[in-house]
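Peer 1: In the order they appear, the protein sequences are chains A and B. Per numbering that gives the first Met the number 0, residue 0 is the first one in the first sequence, and the count goes up by one each step. Per numbering that gives the first Met the number 0, residue 0 is the first one in the second sequence, and the count goes up by one each step.
Hint data in this document are derived by calculation from the structure and do not stem from the laboratory. Predicted, not measured: the structure shown is a model, and the values here were computed from it. C-beta atoms are modelled at their ideal positions from N, C-alpha and C, and glycine is treated no differently. Careful: at least some of the hints might be erroneous.
What the hints assert, rightly or not - With a straight-line cut-off of 16 Å between C-alpha atoms, the simulated EDC-like cross-links for lysine to aspartate or glutamate are: (1) LYS48(B) with ASP143(A); (2) LYS12(B) with GLU159(A); (3) LYS161(A) with ASP11(B); (4) LYS104(A) with ASP33(A); (5) LYS45(A) with ASP75(A); (6) LYS3(B) with GLU166(B); (7) LYS79(B) with GLU4(A); (8) LYS319(B) with GLU307(B); (9) LYS84(B) with GLU42(B); (10) LYS3(B) with GLU271(B); (11) LYS365(B) with GLU455(B); (12) LYS45(A) with ASP314(B); (13) LYS3(B) with ASP273(B); (14) LYS245(B) with ASP255(B); (15) LYS121(B) with ASP143(A); (16) LYS135(A) with GLU19(B); (17) LYS12(B) with GLU160(A); (18) LYS163(B) with ASP75(A); (19) LYS189(B) with GLU277(B); (20) LYS84(B) with GLU4(A).
Stated by the list, open to error - Reference listing, derived: stretches of chain B covered by chain A, where coverage requires no fewer than 3 residues with Cβ under 8 Å from a Cβ of chain A: (21) 23-32; (22) 93-101; (23) 138-150; (24) 173-184.
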Amino acid sequence: MKRIERQGFGQFLFYNWRFDDDGHPRDDFNLNEDQYRNASILVAGKNFGCGSSREHAPWALLDYGFKVVIAPSFADIFYNNCVKNGILPIALNQDTVSELFSKSKNGYELFVELDKQQVSDASGAVATFNIDPYWKEMLLNGWDEVSRTLSLEDQIKQYEEKQLVGE
Amino acid sequence: MEPKTIIEKIWDKHVVHQEEGSPDLLYIDLHLVHEVTSPQAFEGLRMNKRRVRRPDLTFATMDHNVPTIARHIINDPVSKVQMEKLEENCNEFGVEIADINHPDQGIVHVIGPELGLTQPGKTIVCGDSHTSTHGAFGALAFGIGTSEVEHVLSTQTLWQSRPKTIEIRVNGHLGSGVTAKDLILAVIAKFGVNAGTGAVVEYTGEAIRNMTMEERMTVCNMSIEAGAKAGLISPDETTFLYLKGKRHTPSGEAFDDAIAEWKKLATDPGAEYDEVLEIGAEEIEPQVTWGTNPSMGSSVYARVPFPEDYEDPGDQKSIKQALAYMDLQPGTPIQNIDIQYVFIGSCTNSRLSDLRSAAEIVRGRKVHEGVTALVVPGSKSVKNAAEAEGLDTVFKDAGFEWREAGCSMCLAMNDDIVPPGERCASTSNRNFEGRQGNGARTHLVSPAMAAAAAIEGRFTDARKVKPLVV
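Isolated chain B (complex conformation) (with noise of 0.2 Å):
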């Protein structure tokens, strides 16, 4: 047999339907719904007087609007309205939804792991594009429209174009305390915002193999930054040992019999792909962006660029603008760059494993004045499971306030907003241009990275603050 990457294998498995002059039907094993994107599909579906085909492949929960202090009190009557509304469809339509007061309930991109939902081969859909973080497991998942929404909800359906397939391949070992977030945004910033357009990414090399699955979960949550539909990488052991005994993961038997079809998934030797790009891991550094999209970035030990460095007109531009509205002058060293606000939460980097190398910086040690911190786990669980090790003693006792789960920070769309002018240290995926607030400018980071900040205020190394003894 003709070898294949996992991406065409997952494909092929999943056609429904095929014809002459259209894309292909595709099945789709999991989606994933949440307050914003879906009222007008589920209306959709009134109107027509459609059902919800599968109920059971569809799980709902609230995270883009929700409030992270008071639970109860949601100032904004729209975002009210939103979350009403997808208790309401839910009921209706038969949909399980992990509702605001529900223990399971968090960003969808960390519950659907934390549930077992997603798993290695399946095709995983959501009305968000940072649906690629499910890619993680070996999951080909991408995010989609509203009228997409609507279409799956009715047919469990997709028509989809076959994509291009790419393989980032990253070479070596990471050095100590370089995270999955440094490596990601370094490869957004040597392949630019487009190197992914039309397609899907496999990461592949040492580096990948010796993550741990939420550090994969960081890397291909920002595939879509790149301009990918998505971004996975082969199910191995790593993947297996996460999934074992999560509720929706078969159990007993048929877990090792799932293991043995999920080890079919995996790239075969002599697969080819329609790009190979290459990274090496030990030459990436701690990064911090310093413009309005995530490809403006470099290490911390770099100076803000200057548009003349750039030999495209158009780019020298672009460059020009976002240092305009990151209030930033050419030249200046990253580390000079002070802030007044830290984020950290997302669906980027706001899991355990995140909150427990930030909570290593801050132990012992105080926010520097002048600046708010804010730590918003992913979920519920992620919280609990914080609380039980102390995490949240050492951030709120460091001056960080702890709050409740949700998107919040990362897009605006609830109370949690930078003001207009002021500069965020944040872990989240996107620094567009009034993303965190009308007006607020955006460095993108890793939690240990957005730790240090908070504590020096302003940019620094993270690896050089030594954890305290306390």
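Isolated chain A (complex conformation) (with noise of 0.2 Å):
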């Protein structure tokens, strides 16, 4: 939590369980395996992001260059955090995880389209998953959430002189 930026967080991405007590890498840790060097998507376990507000975690996980979180369930606000910065919490039900754990070794591929809400492998489709629109549009079109608000500038203005704010 103690930088002022959000860029440069990857490194201390699961730093307790990457790196022994004099920072050298756990061999019996997976993402310091080879073959998940480069990996995007996260498989995880429930209550995944458990904690606290702070926005340092997704933070983390983007910039070590995940793009994708795929869970049996998430924490709220780290579920909200992830969206706010483009990184996809995708729910899918226990059995459907377990078989991700298992066969994800060896250069399986997995490919996660939004726009259909669909999660498939070289075999087909592995799973179809539930996100709300108004999260939906936002990952696709990359908005700004602030320039949309501040299109309704007129709106939070009448609402001000309505309720007499801060008079």
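Using the hints, put the two standalone chains together into the complex.
Peer 2: Here it is in structure tokens:
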């Protein structure tokens, strides 16, 4: 949490799992294996991202190179923070996630199509997923949420006048 | 008119824009800012050439990594940069700041109410999950991420989906010497850390009505620990009395007008919640957590549980992991657990009444050998008020360290760290692995229980440590 930029958090991702006390990569952690070096989809366990409101967690995932996280469930604030940073969190049922865990090795490739809300591999569709239409549109169009809100400036102004905000 | 909960009343009044298939755009009345979650948000404004829309509704302070001993010696260069950056950003964007030298400085959730910035019916946000504290005043207050901080700075609004509503009804009276902290820890132990997911909680019932504002703040503070987005309490005479004469509260006739408005906020008789949870206040005893999330706690008279006591294999596994981290044997009486550190402070329990209740036990006694004990007041004004009553002397005479205001050992972002393997009786809100320092073991308790533990060197029922006449 101790930076003033959004970039540069990737080096701290899962730090205590990736590195030992001397800062050397641990052999027994799978992100350190060659086959996972350039992975951009992270498959994870339930209630992924539970903790606090800090956005430093998705910043670390993004900076490390992850674009999609697949898990059986996510913590509320973490899910929102992912979407707001262009990471797609996908909730799939436990069985499908377990299956992905066992398949994800030796160059296994997974494709995620947000417009079709579908996850597939070389043998075809693996699963479909749900996403709030608002979040979907935001991710697909790469919206800047602030710009969208600023286009409603007149309404914000009207609200302030009517409610006498700050008076 | 259909009866409404206070949650719906505040929500409906703040909707700026509504459309099908989209969350509601809510107006934000008060945005509190601190040094850790704001630098990237201000940077975003700068990059996009945007301004802070309402500097008059924005207020900043430094709390998370301020030193609590020598104010000007900041050993960690990153802490220093974060504090300098906040100063710089506030100056550039015209935001009022209570910096480290300012008489109003303190933990953001302590000073908001102290200054009267926190008021009933307001929507309040801050880049910090314990923003729920302000709900004690009947405000809708919740924590947000840094992207949302940027959004509020530039638009004074937020896109939010309407939450579920939960009533947590506390029936009857708390026993003498049982505190607000014991109540909220018991609520979380009973209903779990996911009880409030996706919801806003309203606390109701006799025990809540009888609480002072500082006690209500302790309860609402830990709403997030039950998974809730926010927790609040309908305002009443206790609320209005607290707010009277505060710097940012209206005065004179305007105050009477404000009260008339605030009185309309309380949940209407017959209003329905999505869910109602009940707990009897009488059944609650002083609490101590033994695990690594706030629901893993029990009465001081209980024993550390056996993983096999739990049916769910997932629960068994997490209890096992928690006890391994905490280095506790199942079946150990809570009162046999020795502690090496005591921390009295944090946005949960660092207000004047908290320090008084701890001092009452400490007065005329000595901190147990081998225990390091800290008192960190929540704000400079709490510190001054405590010193005016001589509480600092009571603590120092007993062997406590008396520090400057800040978040301190609650999350160990400054130099106040519990060393690996050491055990701390802490009045803070989170007992996660590593929260108070790498390998540190946290037990959450009330200020009175922390004080009693400091004296005894282990957990004991604070009600039995009678005040000495000195």
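Peer 1: With reference to the structure, classify each hint as holding or not holding.
Peer 2: Hints and how they fare:
1. Proximity of LYS48(B) to ASP143(A) is assessed by CA-CA distance (about 14 Å); at most 16 Å being required, the pair is judged to hold.
2. A C-alpha spacing of about 12 Å is found between LYS12(B) and GLU159(A), which places the hinted pair at or below 16 Å, so the restraint holds.
3. Taking the CA atoms of LYS161(A) and ASP11(B), the gap is about 14 Å. The hint holds against a cut of 16 Å.
4. At most 16 Å may separate the alpha-carbon atoms for a hinted pair to count; LYS104(A) and ASP33(A) meet this at roughly 10 Å.
5. Taken as a hint, the LYS45(A) and ASP75(A) pair is honoured in the structure, with Cα atoms around 12 Å apart against an allowance of 16 Å.
6. Using a Cα cut-off of 16 Å, the hinted pair LYS3(B) and GLU166(B) holds, with the two alpha carbons roughly 13 Å apart.
7. Restraint check: the Cα-Cα separation between LYS79(B) and GLU4(A) comes to about 14 Å, which is no more than 16 Å; the hinted pair holds.
8. The suggested pairing of LYS319(B) with GLU307(B) holds, with an alpha-carbon distance near 9 Å, which does not exceed 16 Å.
9. Proposed proximity of LYS84(B) and GLU42(B) is supported: the alpha carbons are some 10 Å apart, at most 16 Å.
10. Straight-line distance between C-alpha atoms of LYS3(B) and GLU271(B) comes to about 7 Å, which keeps the hinted pair within the 16 Å bound.
11. A distance of roughly 9 Å separates the Cα atoms of LYS365(B) and GLU455(B); the hinted pair therefore holds under the 16 Å criterion.
12. About 13 Å separates the Cα atoms of LYS45(A) and ASP314(B), which keeps this hinted pair within 16 Å; it holds.
13. Straight-line distance between C-alpha atoms of LYS3(B) and ASP273(B) comes to about 12 Å, which keeps the hinted pair within the 16 Å bound.
14. Using a Cα cut-off of 16 Å, the hinted pair LYS245(B) and ASP255(B) holds, with the two alpha carbons roughly 14 Å apart.
15. A C-alpha spacing of about 27 Å is found between LYS121(B) and ASP143(A), which places the hinted pair above 16 Å, so the restraint is violated.
16. Between LYS135(A) and GLU19(B) the alpha-carbon distance is near 15 Å, which keeps this suggested pair within the 16 Å criterion.
17. With a C-alpha separation of about 14 Å, the suggested pairing of LYS12(B) with GLU160(A) holds against the 16 Å cut-off.
18. Between the alpha carbons of LYS163(B) and ASP75(A) the distance comes to roughly 13 Å, so the proposed pair stays at or under 16 Å and holds.
19. A hinted pair counts as satisfied when its Cα atoms are at most 16 Å apart, and LYS189(B) with GLU277(B) qualifies at roughly 10 Å.
20. Our distance criterion of 16 Å between C-alpha atoms is met by LYS84(B) and GLU4(A), whose separation comes to about 11 Å.
21. Chain A is given as covering the region 23-32 of chain B, and this holds because 3 residues of the stretch bring a CB closer than 8 Å to a CB of that chain, at least three being needed.
22. For the region 93-101 of chain B, the stated coverage by chain A is not satisfied: 0 residues place a CB nearer than 8 Å to a CB of that chain, which falls below the threshold of 3.
23. Coverage of the region 138-150 of chain B by chain A holds. Counting CB-CB distances below 8 Å, 8 residues qualify, and the rule asks for three or more.
24. Only residues whose C-beta sits within less than 8 Å of a C-beta in chain A count toward coverage, and the region 173-184 of chain B has 0 of them, not enough to reach three; the restraint is violated.
When held up to the earlier numbered hints, the structure conflicts with 15, 22 and 24 and fits the remainder.
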